[in-house]
Structures are given as structure tokens and as C-alpha cells.
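Full structure from sequences and hints, please.
Going line by line, the protein sequences match chains A and B. Be aware that the first sequence starts at 6, since it is given in my numbering, and climbs by one per residue. Be aware that the second sequence starts at 6, since it is given in my numbering, and climbs by one per residue.
One or more hints might be untrue.
[To be verified] Pair by pair, the computed Cβ-Cβ distance ranges are: (1) A/Gly150 x B/Gly50: 34 to 44 Å; (2) A/Gly258 x B/Gly325: 54 to 64 Å; (3) A/Glu18 x B/Thr194: 47 to 57 Å; (4) B/Ser299 x A/Glu221: 27 to 37 Å; (5) A/Pro78 x B/Phe288: 31 to 41 Å.
[To be verified] List of simulated lysine-lysine pairs, DSSO-like, C-alpha gap at most 27 Å: (6) A/Lys114 x B/Lys119; (7) B/Lys114 x B/Lys304; (8) A/Lys114 x B/Lys114; (9) B/Lys119 x A/Lys119; (10) A/Lys292 x B/Lys304.
Everything labelled a hint here was simulated from the structure, so no lab data went into it. Just so it is clear, the structure is predicted and the values come from calculations on it, not from any experiment. Each residue gets a CB set at the ideal place from its N, CA and C atoms; glycine is no exception.
There are 2 protein chains.
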Amino acid sequence: MAAARPAPLLKDELDIVIPTIRNLEFLEMWRPFFEQYHLIIVQDGDPWKKIKVPDGFDYELYNRNDINRILGPKAACISFKDSACRCFGYLMSKKKYIFTIDDDCFVAKDPSGKAINALEQHIKNLVTPSTPHFFNTLYDPYRDGVDFVRGYPFSLREGVPTAVSHGLWLNIPDYDAPTQLVKPLERNTRYVDAVMTVPKGTLFPMCGMNLAFDRELIGPAMYFGLMGDGHPIGRYDDMWAGWCMKVICDHLGLGVKTGLPYIWHSKASNPFVNLKKEYNGIFWQEKAIPFFQSAVLPKDCNSVEECYLALAGEVKSKLGELDPYFVKLGDAMVTWIEAWDEVNNSLGTKSAKILPNGTSKKA
Amino acid sequence: MAAARPAPLLKDELDIVIPTIRNLEFLEMWRPFFEQYHLIIVQDGDPWKKIKVPDGFDYELYNRNDINRILGPKAACISFKDSACRCFGYLMSKKKYIFTIDDDCFVAKDPSGKAINALEQHIKNLVTPSTPHFFNTLYDPYRDGVDFVRGYPFSLREGVPTAVSHGLWLNIPDYDAPTQLVKPLERNTRYVDAVMTVPKGTLFPMCGMNLAFDRELIGPAMYFGLMGDGHPIGRYDDMWAGWCMKVICDHLGLGVKTGLPYIWHSKASNPFVNLKKEYNGIFWQEKAIPFFQSAVLPKDCNSVEECYLALAGEVKSKLGELDPYFVKLGDAMVTWIEAWDEVNNSLGTKSAKILPNGTSKKA
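What follows is the structure, given as C-alpha cells:
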């Protein structure tokens, strides 16, 4: 099947959201691929620290002071000292598509040695349909040179709109702290040349390192939770978003793809620090995942916001028994939707409030 | 994660089942990989035709006369003039594992140019667990050099026993007749270096060209249906087995993998002939797949046989409305289980009856 429309997208269709930039090398390496797009940088930690963005990039930068000023009391739903803060960028964007990437992710090479344009592949994934209702054994049937195989129902070949494109990582795999500790030297060297739809009813661990999504289709579900400073958990921001998002996509008939593109994950984070952040999550996910696997959203929830609020209620009532943290998280999920609504739907009041604090720049 | 046990298997653990051999080149090409195993050849069509098996192979060959003699009236459940006849070989085998392959499938090469030992990869797939309850984004976590990613519940990392390994095809993809007609020149050139579990609750089009399974775990579900001579459908034998098998694996907590190994599919079958065989199936699958997607087996069905008989009843009562063919098929499913029982569980009477008609050979 041929692609529905060609990449690349126009600048006014996609924002790149980056949670803090700790090294300049990162943007220089991505310059050929990112320079044509607008960047939203969400500076984590000390708001007074100056992040230097190289010349030639078109960007806006939000620090904690901006977040507090723009959201007021609702700013409590945005995590601090954790990359979960990135979802503030999703809130501020006005574009159809978001690509988010960590600053330790560099340009990878394909087996022929060619630099991989990750963004272009994400766009291809997002603008072609997904196939969550039946598995195609030759993977994404919308790629050039491949199609649906014998036995694939014709009524399902139009697929469903794709909401999320989950990319992978060469070099340092995205392991939890226990696996990092047990296998400190393991590297991912296998380039798997495939994109596939995560089937309906199946959950997966969504990593936020190299991720793109259709903000108009699924944006309000991409909340990265309460992590880091003041909370008993870290490194589960993307996982939380992934579980919520997938349940909602399944309910609304939207698709999620995983596979290509690869980025080069340059360095492993400290496994001892990670263990401290993760230990509650490792325990809680044993209850949270069955919760999401059996979650059924009310039939009359027809928008992402409605679905998300229904899920927030379930989180409070069912996971709240596990730990009071989930009651706070459920409340924060509601606050997030209120913030989304305020920033995105109240056009009249928004414009004056949401300008970043003098740190935007037109390239 | 390391493999549970190393390949290769011993000769007394695996049989290779081949539905007819129309060219000698086939076995010569596979000689380095097949010679150490026992072959079961199920000769389709004219039973008087002589199939020449090259020297050095250890085999037994069954033709239609053998099938009729061994199964008596129950032979009606074994298709004639269709590769569905291969399931008779599954019935006759006494081994734990079966590998079945078509005679137009040759040895493929991996991207480095090395000949692929398909059998070895199937065995690796079968002796390591599957992960149907949660998707691992780096694919099969039991391969060397890879593991479960962050966010994968630890309680699910032991996986479940693998019942089926579904391999793929380079060169001629396994397309239906309409797609063959529309894309006569499309070739599969993409080597996707991955094995993955088909998630629980997800159906897929199982192709019989390059397929291995654990006969002890799932054998009675691998019935290839009523196809070809005397029946209004062909080329849905493997699909039918795949749907039935997957529903039963999901019910019993068994796993199904797809991906590696590749074989080289040498020639496309005639799309006009295929269309004639397929046209009913293309229509019927639109009803049959939702039937299997919503099929729920009784909780007290604890064996493959029990599950299969329950499914046969559902096929008759629910798909019988679609066409009387499905009533016949449901009856044949019951006959197949009776035959399986007779051949496999009545050890006393079996030995004299089941010897092939003078066409077996010890290498």
C-alpha cells in the first residue's frame, strides 16, 4: 500500500518538544533535521540557569517560573526535577504533531551507514493508518514494497488513524535499574527494519525518549504524571502516559505504532539513582498494569478529554487503595485536563498569559 | 535473557512434514539442514504416481491409499488435491515438534549472505517462552543481546510455553489472489531481524509454508480443514488452523511467535487459479474472523482436544448460518479429533495399521 501522503511535514504542522538541554552537541547533531521546525524547550530544575540554544534554531523556552506564571495553581500538575515536565510543552504547542526527544539521543545510522532522519520516519508512521484489529505478519502494510498478506480481511485494510509513533534506540537499551545493574554492558546493536501496530487490547512500555504523536487526536492523554520532586516515584512518566493513552486509543479506535525510527542513545543513566526512583514503580506496576488491562471506559466517552477524566476517576477509586499517591495522581490528571482546556480552548485569555518569559526566538 | 536450552534438537524430537514434493531440487537444497531429521511426506493427488526421494533421507511417505486404509471412514476429514492434506502427517508423527514446509520454499540468505538454517531458528523460537500478555518493544526478550525493557512487569518475565513458530518468506510474499493480480511484480526484499509474540486476543494470518509447532502442546488444533477436491474453498487451510489454534492458545495460556526464520519462496502460484479457490474464503473470512475474535471457550476446557471440540460446536451453530459448508467443516473437526485420539491414544491397535505402504526408508 502506498503512503497516504508524503513526508516531510510543513513547519506549521509539527513542534519538537525537548525536556531541558544539557549539552550543545545534541542540537548541533540534529541541526540538519530539526532546523526547519520549531522547538519547545521545557527547562527542568533551576529556572535561573541559562540554557544556550545555538543560533539558527527557532524556539521557545519555558522554565519553572513560566510554568507557574502561566498555569497558576494548576502548575502543580507539572512535574519538577523530572523529564515528565516535558508534557508542559505538549500543552503549549498549537501544532498538529509533536515529536519529543531526550538530549542524550543522537542521530543513529542505518545498516548502510546512512544517518537516520528520525523525524521523517515518525511522520511517515503518523500519516499512514494503523492496523490494531488484526496482525499483519509482514508488519506495516502501508510501507512501500509490502502489503496485507493472504488471509487479512479486506474490510480492515483501510486501518484506523494513527495517534502515536513510538521509536526505538540503538546502543543503550531502555532498561530498568535492576536490568541495568545485572547487564551493565549490554548494548542494542540489532537494527530491526520494521514498524508495526500494537494490537488493540495490548499494552506496551511506551518510552518517551524518541516519541511522536498526533496532538489533535490524542494530546490530552499524553500527560506524564507526577514524578520527581515531592513524589515517591520517577522514571514512570512515559509508562504512565503510555498505559493511559493506549486504553483511550483502543476505546476511540485510534492506532499506535512502534519500531522505526531508531535514535542513538548515547549514555545510560546511573542505575543506583534509577533504582531509587523506580522501586515504587516496579512494585506498583504489578497492580497498575492489570488495572489498565481490564479498564473499560464508558461507551458515551467520545473525546480524549472525557475518556481521560473517566480514567482519572478509576485511578483514584481502584489504584488509590494501593497507595495514596494514586489519589494525588488522579487529581492531577483532572487538573491537567483543566489546564489543557484553559490553554487550548479559551483563546481569548490565553495569548497574553502564555508567552514565554522573553526566551523565545525566531530563527 | 538467555535461551532456555540450545538448538539443535535431537532427531527423535522433531519430524519434518512436507505436503507432496514436486521437484527434487527442493530436498537437495535443504539436505544439509534436513538430512539429520525424519521426513513425513504426505503425497497429494494421484496415489499411483511415484515420488522419488533422493538417497540419504530418512522418511515415510503416505499417499491417499494409505490415508484411506489407516483412517477408514474418518479419512474424509483429510483434504484431497490441496496442501491441507499435510495435517495427516501431524497425526502420524510421534515427535514433540513438527516443522512443515512447502516444496517451493528454498533456503534463504541473511543480509550477510549466509544460508539461513530455518529449522534451527524455529527450534530456538519453540524452546524459549512467549510473552502474549504484554508487548516488549525490543521484540523477543529471550534472544541473545536483548531483554525486557523498562516498564515490563517482572511477574510476566517468565513468559508462557511457546506452541507455534510462524516463519516468513523472502522473494514472493504470501499474497491473496486479488493482491497478486494487482501487484504481480512485488517481491519481499526486506529482512526484518525480529521474532515476536502475537499478543493474547490478537488473530493473525498463519501461513503454512514455513511453520513449526509443539505437537504435544497444540497438535490436535493444527487441523487444516476441508479444502480442495469436493469443497467450495481452497488456500484457507492454514488460515483456518491459525484462527482455531490462536483462540485455543489464548485460552490455555500458550504462546505463538512470528518473524524469523525466513525461507526463499521461489515461485508465485497462478493468481487466476488462486482466485477460484479463494473467492468464497475472501467473503467468508469477513464473518469468520469476527466469530473467532469473539469466541470464548468454556472455562472447564483444559485440553486442546476439549477446546477444539467446543470450537467445532460453535462453528456449526454460528458459522453454519453463513453456509452449509461450515456445518460439514464442524463435523470434520470432530472427526479429526476422533482420528487423533485413535491414532495417538490407542497404542495397542495403532502399530499395525499405521505403517506406510512400503514407502518408508531408513537412511
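To see whether the hints hold, each was checked on the structure:
The beta-carbon spacing between A/Gly150 and B/Gly50, approximately 35 Å, falls within the hinted interval of 34 to 44 Å. Checked against the hint of 54 to 64 Å, the pair A/Gly258 and B/Gly325 fails, with Cβ atoms roughly 31 Å apart. Judged by the Cβ atoms, the range 47 to 57 Å given for A/Glu18 and B/Thr194 is violated: they are separated by roughly 32 Å. Checking the proposed 27 to 37 Å range against B/Ser299 and A/Glu221 shows it holds: the Cβ atoms sit about 32 Å from each other.
A hinted range of 31 to 41 Å is violated for the C-beta pair A/Pro78 and B/Phe288, which are about 60 Å apart. For the suggested pair A/Lys114 and B/Lys119, the alpha carbons sit about 23 Å apart, so the restraint of at most 27 Å is met. Under the criterion of a C-alpha separation no larger than 27 Å, the hint pairing B/Lys114 with B/Lys304 is inconsistent with the structure, at around 45 Å. Taken as a hint, the A/Lys114 and B/Lys114 pair is honoured in the structure, with Cα atoms around 23 Å apart against an allowance of 27 Å.
A distance of roughly 23 Å separates the Cα atoms of B/Lys119 and A/Lys119; the hinted pair therefore holds under the 27 Å criterion. Simply put, A/Lys292 and B/Lys304 have alpha-carbon atoms about 24 Å apart, close enough for the 27 Å limit, and the pair holds.
Checked against the numbered hints given earlier, the structure breaks hints 2, 3, 5 and 7 and satisfies all the rest.
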